[in-house]
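Novice: Build out the structure end to end from the sequences listed, making use of the hints.
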Amino acid sequence: EAQVTQNPRYLITVTGKKLTVTCSQNMNHEYMSWYRQDPGLGLRQIYYSMNVEVTDKGDVPEGYKVSRKEKRNFPLILESPSPNQTSLYFCASSPQDRSYSPLHFGNGTRLTVT
Amino acid sequence: AQKITQTQPGMFVQEKEAVTLDCTYDTSDPSYGLFWYKQPSSGEMIFLIYQGSYDQQNATEGRYSLNFQKARKSANLVISASQLGDSAMYFCAMREEWDDKIIFGKGTRLHILP
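Quick note, the sequences are listed as chains A and B, same order.
Note that the first sequence covers residues 1 to 114 in the working numbering.
Note that the second sequence covers residues 115 to 228 in the working numbering.
Hint data in this document are derived by calculation from the structure and do not stem from the laboratory.
Careful: at least some of the hints might be erroneous.
[Said to hold, decoys possible] Here are the simulated BS3-like pairs of lysine-lysine, each with C-alpha atoms no more than 25 angstroms apart in a straight line:
#1 K215(B) - K69(A)
#2 K215(B) - K57(A)
#3 K215(B) - K71(A)
#4 K117(B) - K57(A)
#5 K69(A) - K18(A)
#6 K65(A) - K215(B)
Note that the coordinates shown come from a computational prediction; the quantities given were computed from them, not determined experimentally.
Specialist: Have a look at this one:
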């Protein structure tokens, strides 16, 4: 089954404790992206990647890191999480054919930082 | 400047009525795609419908149609004969051909009343 898999689904952590949210897709998509969703703010793009070893900042990259060592994986790293990073996070992927490919989303990771 | 604007934070509609969810966008790229996603209370993001900037006809997918008015830069989602299961958050998104970011609006929460 074609899918984007994020883990974990739920995560509660404390301020400053490094964490990684994994994302993997099995559709051979070039484009992958991370979003955070907050009430009243919609989805905001954190980072995206056009292909292996190519990553770029979205609109809210502060406090996050990503890597794209393999085409299928795009982990999101919070080196020192803070409470303002409490949010619902989505990983998404699509073929890199520019403007007409919808994103395929993972099921989301709900992160709470205390 | 906000690139995607959804002016209706929430809507209440009687079951079986048609619903129009508004979306306006801003771009100078002549080639772009517009997308609508549904997010039910379970949290997953479901792709509904796509409209390309060069498409001559409005997109339709079952009960969903897109009222695309290019000159006005609007791409409103129309749901015909609404059902209780249509209650969800709806997001409009845009992907420009020459910008690798994919931008979402803040969403409209739709409530279908029995």
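Novice: Against this structure, judge whether each hint is valid.
Specialist: Structure-based check of each hint:
Pair hint K215(B) plus K69(A) holds up; C-alpha atoms about 20 angstroms apart against a cutoff of 25 angstroms. With a CA separation close to 9 angstroms, the supplied pair K215(B) and K57(A) stays within the 25 angstroms bound. Between the alpha carbons of K215(B) and K71(A) the distance comes to roughly 18 angstroms, so the proposed pair stays at or under 25 angstroms and holds. A threshold of 25 angstroms between alpha carbons decides the hint, and for K117(B) with K57(A) the separation of about 17 angstroms falls inside it, so the pair holds.
Simply put, K69(A) and K18(A) have alpha-carbon atoms about 20 angstroms apart, close enough for the 25 angstroms limit, and the pair holds. Note on K65(A) and K215(B): the hinted pairing holds, with a Cα-Cα distance of about 17 angstroms set against a maximum of 25 angstroms.
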